[in-house]
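So the protein sequences, as listed, match chains R and D.
Going letter by letter, the first sequence gives residues 1 to 318 in UniProt numbering.
Going letter by letter, the second sequence gives residues 1 to 318 in UniProt numbering.
In short, the hints are calculated from the structure, not lab data.
The reader is advised that the hints may include incorrect statements.
Note: identical chains are not told apart, hence a pair may lie in one copy or across any two.
[Stated by the list, open to error] Straight-line distance between alpha carbons at most 30 Å, and here's what the computed BS3-like set of lysine-lysine pairs gives: (1) K192 - K109; (2) K299 - K222; (3) K299 - K316; (4) K299 - K109.
2 protein chains.
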Amino acid sequence: MSFDARAALEARARTAPAEDAATAASRRAAASTWFRDLRDRMCAAFEAIEDDYAGPMNTGMAAGRFTRSTWDRPGGGGGEMSVMRGRVFEKVGVNISVVHGSFSPDFAKAIPGADRAPAEGGAAEGGADGAGAQFWAAGISLVAHMWSPHVPAAHMNTRHIRTTLGWFGGGGDLNPITPHAPDTERFHGAFKAACDAHDPAYYPRFKAWCDDYFDLPHRGEKRGVGGIFYDYLDSGDWTRDFAFTRDVGTTFLTVFPAIIRHHMNRPWTEAEREYQLIRRGRYAEFNLLYDRGTQFGLKTGGHTEAILMSMPPAAKWP
Amino acid sequence: MSFDARAALEARARTAPAEDAATAASRRAAASTWFRDLRDRMCAAFEAIEDDYAGPMNTGMAAGRFTRSTWDRPGGGGGEMSVMRGRVFEKVGVNISVVHGSFSPDFAKAIPGADRAPAEGGAAEGGADGAGAQFWAAGISLVAHMWSPHVPAAHMNTRHIRTTLGWFGGGGDLNPITPHAPDTERFHGAFKAACDAHDPAYYPRFKAWCDDYFDLPHRGEKRGVGGIFYDYLDSGDWTRDFAFTRDVGTTFLTVFPAIIRHHMNRPWTEAEREYQLIRRGRYAEFNLLYDRGTQFGLKTGGHTEAILMSMPPAAKWP
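The following block holds chain R by itself, in its conformation from the complex (with noise of 0.2 Å):
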């Protein structure tokens, strides 16, 4: 990346005044409170999708329905996660969490503003006991295996986390089997609106950098079509960046039911499930070898059950 955000996020904490205690517990209730409405919200399109079916696959199962269970983090907090395994989505996950707690020093050293001292003033997070790096994360992971290989499978994360620093990152990506013109189209038109709605240079920064990180170097090839992917926004206003956060999550809301319900009553041939399920496969090693976030979950004493929800249902290396 040509602009670097982690060290603007950084230079920016530098000048900016620290958060009163007040403040931050209500910008910490403000995005856990969304990422929670957020999910209640794609819970209901995907489970509204199941009741529409009307396609000619599928013809024996019920219309799906989300099942959530929850996980508490060992070090503080927990997450919540919904599945659904229906006859239009043959999984999908919508986790929510929100966790807190203490970095280890090495592990601190690889998170913005969290291998220092709160300022004077600002607030400590993560827990009173003032002991380590403290942090506070909240966020929203979606990932979505279709039955279709005509509909594409797409991934959402938006996040807000918290250490002397505090910033937003997410984005949205299409991972279409086949690619499609207008639906990768469709689906960059509408967060290009979003973002130009907030920065006319969000656009092309955040669509080259989902393009950098969804990278298969081993296949010579980049997992889906891209979108946009976003990390250590902190304009210097906390209210614009939650803003733009959320409307990421409700484009995505809008333009990803919008093109699962134009393809999802077309038939299919089982030589197009077959290439599905090799697609698939490339899913599985990008998340496996590449994915930040699953690197760090897994290795980081994360709740893999949460982690591995992104996995495909099901994936073929013949």
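Chain R is already provided as a structure; the job is to place chain D on it using the hints.
Only chain D this time, still in chain R's reference frame:
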């Protein structure tokens, strides 16, 4: 590991006399020839199993036959892949390779003996240009994924690597869908006998190394029921170490086909097959998240198709 094989290799090499060029050439030739012969014997044994199958499943399928393809390594050497998709073997790959060339300076630091010039009178491996750290490596790698959930998957690999030092490595491990104690005992018993014939210290050391290696910490599980794993083997007697490495190959060639034949004709249920596909997901997780050879190969421009030959033909994360 309480026994540090790599340190022992490096310590021994400081006092060992250098090989003359004729000895080095004959050792390279002997090792490469062996790996090719073993490949031929493995493929013949597995094709015979395909012929002899008499179970009630996959009745419409013909006995499988291996197909071969070759690849060239841009920096020197190449390999030959043999893959069979049959009625007993859902997918089995037997790869051999002989590669040579130079390591990048960064990479050379990770490889014993690659970070210094050849000893006075010593053979420079990997070509005559003298540029960079030179290496030569040959090996065989075998992964078998079976249709029947009653027949374990298995993996065997042996290799000879030469820098300014030279050593052998490899092993064999069994990956049953549901562990079956007599198979486990048979497999371990065969490798224990092969090890004991060379050095009574080998089996306990190499069994423990295998258990350490095939570990999925994020699942709190081991991959499979183990076997043996060894690396950096240089006892000071090349002929003896090569004989041990040949015995590892012939032991696998004896014991694995016997285990296959013991179970292959038994029918299985759909539920057993489903469980097999889920266990295959663990196999995929290990290979992509932890396996040194896979990570090393993919991140250093290895031949992707040969490296990922190990991936299961089908896997599920339901």
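Go through the numbered hints given earlier and state which of them the structure violates, listing their numbers in rising order.
Violated hint: only 1; rest satisfied.
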